[in-house]
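In order, the protein sequence lines correspond to chains X and V. Quick note: the first sequence, position 55, residue 203 per this note's numbering, numbers continuous. Quick note: the second sequence, position 296, residue 444 per this note's numbering, numbers continuous.
In case anyone wonders, no lab produced these hints; they're calculated from the structure. Treat the hints loosely; a few may be bogus.
Identical copies go unnamed one by one, so any copy, or any two together, can satisfy a pair.
What the hints assert, rightly or not - Computed list of lysine-lysine pairs in DSS-like fashion (alpha-carbon distance at most 25 Å, straight line):
(1) Lys-316 <-> Lys-172
(2) Lys-360 <-> Lys-425
(3) Lys-407 <-> Lys-393
(4) Lys-236 <-> Lys-258
(5) Lys-352 <-> Lys-425
(6) Lys-281 <-> Lys-294
(7) Lys-184 <-> Lys-223
(8) Lys-192 <-> Lys-360
(9) Lys-352 <-> Lys-393
(10) Lys-223 <-> Lys-419
(11) Lys-430 <-> Lys-360
(12) Lys-324 <-> Lys-352
(13) Lys-182 <-> Lys-294
Computed from a predicted model, the values in this text were never measured in an experiment.
There are 2 protein chains.
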Amino acid sequence: MKNILIIGCGLLGSSLLRRISKKKIAKKIFIYEKSKSNIAKIKKLKLPGIIVKSLKDGVLNSDLIIFCTPMSEYKKLIIKINNFISSKTLITDIGSSKIETSKIIKKFLKKGIHWIQSHPITGSEVSGPEHGKDNIFDNKWCIIIKEKNTTKSNLNILSKFWKKVGSKVVIMTVEKHDKIFSITSHLPHLIAYNLVKSAQDFEKKQSYPLMKFSAGGLRDFSRIAASNEIMWRDIFFNNKNNISKAIDLFIKNLNEFKKDINARNNKSILKKLIKTKKVRSKIIRLKQDIDKPDFGRN
Amino acid sequence: MKNILIIGCGLLGSSLLRRISKKKIAKKIFIYEKSKSNIAKIKKLKLPGIIVKSLKDGVLNSDLIIFCTPMSEYKKLIIKINNFISSKTLITDIGSSKIETSKIIKKFLKKGIHWIQSHPITGSEVSGPEHGKDNIFDNKWCIIIKEKNTTKSNLNILSKFWKKVGSKVVIMTVEKHDKIFSITSHLPHLIAYNLVKSAQDFEKKQSYPLMKFSAGGLRDFSRIAASNEIMWRDIFFNNKNNISKAIDLFIKNLNEFKKDINARNNKSILKKLIKTKKVRSKIIRLKQDIDKPDFGRN
Numbered sequence: 149m150k151n152i153l154i155i156g157c158g159l160l161g162s163s164l165l166r167r168i169s170k171k172k173i174a175k176k177i178f179i180y181e182k183s184k185s186n187i188a189k190i191k192k193l194k195l196p197g198i199i200v201k202s203l204k205d206g207v208l209n210s211d212l213i214i215f216c217t218p219m220s221e222y223k224k225l226i227i228k229i230n231n232f233i234s235s236k237t238l239i240t241d242i243g244s245s246k247i248e249t250s251k252i253i254k255k256f257l258k259k260g261i262h263w264i265q266s267h268p269i270t271g272s273e274v275s276g277p278e279h280g281k282d283n284i285f286d287n288k289w290c291i292i293i294k295e296k297n298t299t300k301s302n303l304n305i306l307s308k309f310w311k312k313v314g315s316k317v318v319i320m321t322v323e324k325h326d327k328i329f330s331i332t333s334h335l336p337h338l339i340a341y342n343l344v345k346s347a348q349d350f351e352k353k354q355s356y357p358l359m360k361f362s363a364g365g366l367r368d369f370s371r372i373a374a375s376n377e378i379m380w381r382d383i384f385f386n387n388k389n390n391i392s393k394a395i396d397l398f399i400k401n402l403n404e405f406k407k408d409i410n411a412r413n414n415k416s417i418l419k420k421l422i423k424t425k426k427v428r429s430k431i432i433r434l435k436q437d438i439d440k441p442d443f444g445r446n
Numbered sequence: 149m150k151n152i153l154i155i156g157c158g159l160l161g162s163s164l165l166r167r168i169s170k171k172k173i174a175k176k177i178f179i180y181e182k183s184k185s186n187i188a189k190i191k192k193l194k195l196p197g198i199i200v201k202s203l204k205d206g207v208l209n210s211d212l213i214i215f216c217t218p219m220s221e222y223k224k225l226i227i228k229i230n231n232f233i234s235s236k237t238l239i240t241d242i243g244s245s246k247i248e249t250s251k252i253i254k255k256f257l258k259k260g261i262h263w264i265q266s267h268p269i270t271g272s273e274v275s276g277p278e279h280g281k282d283n284i285f286d287n288k289w290c291i292i293i294k295e296k297n298t299t300k301s302n303l304n305i306l307s308k309f310w311k312k313v314g315s316k317v318v319i320m321t322v323e324k325h326d327k328i329f330s331i332t333s334h335l336p337h338l339i340a341y342n343l344v345k346s347a348q349d350f351e352k353k354q355s356y357p358l359m360k361f362s363a364g365g366l367r368d369f370s371r372i373a374a375s376n377e378i379m380w381r382d383i384f385f386n387n388k389n390n391i392s393k394a395i396d397l398f399i400k401n402l403n404e405f406k407k408d409i410n411a412r413n414n415k416s417i418l419k420k421l422i423k424t425k426k427v428r429s430k431i432i433r434l435k436q437d438i439d440k441p442d443f444g445r446n
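Make a model of the complete structure from these sequences and hints.
Put into structure tokens, the structure is as follows:
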């Protein structure tokens, strides 16, 4: 890898920047960032890399382009870079849902240009380049999306890149990716937002000081519900079919729990509560557990 | 306080035992425990206190009795201790819901005996005396329940006790307690169980390796869903009216989120996602936040 362009230098963009620089993964790192406030932060923090004012300068001089903006920015950026991108340049992104992005790429990206989607499973409820860390990809999964037109050589280049970044690579289709993460990540985040919303509604109605007593569960949901709203709106919209199905399954199960509780159905509720315990043993066995819960944060 | 009897020496009972002994809060500490496995653990760990074989011995010699068993054990135990308890002995408990316990006490406890309910806001997804710690009450809220017949002097005795244990005391009615904790603790736990249940159902249907990719949210819900099933069944059953209302509010809000997502209602969803962020600032302002989420665990 000679030169890399990072488009959007927030939490993950700046983490990549730090890591690529530290491990000397590229000769030059270019940064394209439209937020003046983020540029000021990058300069103040003396982060590595060259801030380019024109997207063209970054694109023309890079072998790999990594989209680290909210997914809703992709279309606009694709239309811009179509004017000067060469087929030698590989594009990837770090978006959390894939089907919709795949459609946008197919519809808008100039023919002959290679874009292989990536999804490193990491993040934080805090945003911005000041919160980035060079080690947030370490030993985390990075999903690489394989589509019909994905070439083996580009897949190799990208796999090698993410391994250098510290991730463990796994290859998947867009459909499988969006299904799996609708359950393991998108629904949990929506549920957290929804729980906090419900607590707010309750507090407003009852005027009880709820948050003071939030340590028994609510507090930690509130952490997830503080995640970046643009990023999560994009995920919810882009993966709406899978998330919608996940919501239906969740509500169906919750209504069954309610029925069991109201009927004091001892046998049925104990069976459920015992069965869910097994998931935890499985997660521990798969070495996916950590000392303290962090919702995929670092 | 001269002597204290702890009935049920699991996670919280043994934590109290350790703390009372360490801080010399009582002259003698008696332990009544029906599980042979727990007794063996207590002996092996050389925990302080005197294990009594008969409940009578413990009750007759104690000034304070603390029920640390699952709430579904209270009725049976009350009927037993009625035979020998004196009105000089104060009883408390550490149950997580209060209305139902209040009814059981009123119905079954011998007249003239004082029972003031307590609820220390702490716990863990692990159970048993081997997991207890002397510091798990430090700076945590302990709710003390005030009812019509609660005397000021007993309230003072109990407040002093919990403060010595390390808790911050707050006094509340049963109704207010059960409403607040239905939202801040009971619903979050039910939601966690329900999310894990939904993930299991999905995994079974799709045969996708979900748990491997659980780091993005699901993993940390699985931790809560590994909590003791008897304790949580008791809470869900005992606070069913409030929990049932909380479920309805939660489902109503979740359906509205679904509607916004399916309609790609940008304005409405951003409003919600931004508003929920404010709860987190509030929790931080109230000093209820910690470095890493722990769902009220230590």
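For each hint, the structure was consulted:
no. : hint                : in the structure
1   : Lys-316 <-> Lys-172 : within (19 Å within a copy, 52 Å between copies)
2   : Lys-360 <-> Lys-425 : between (29 Å within a copy, 16 Å between copies)
3   : Lys-407 <-> Lys-393 : both (21 Å within a copy, 12 Å between copies)
4   : Lys-236 <-> Lys-258 : within (13 Å within a copy, 86 Å between copies)
5   : Lys-352 <-> Lys-425 : between (34 Å within a copy, 16 Å between copies)
6   : Lys-281 <-> Lys-294 : neither (28 Å within a copy, 50 Å between copies)
7   : Lys-184 <-> Lys-223 : within (21 Å within a copy, 66 Å between copies)
8   : Lys-192 <-> Lys-360 : neither (37 Å within a copy, 39 Å between copies)
9   : Lys-352 <-> Lys-393 : between (30 Å within a copy, 15 Å between copies)
10  : Lys-223 <-> Lys-419 : between (48 Å within a copy, 24 Å between copies)
11  : Lys-430 <-> Lys-360 : between (34 Å within a copy, 9 Å between copies)
12  : Lys-324 <-> Lys-352 : between (41 Å within a copy, 15 Å between copies)
13  : Lys-182 <-> Lys-294 : neither (30 Å within a copy, 58 Å between copies)
In the structure shown, a violation is registered for the earlier hints numbered 6, 8 and 13, in ascending order.
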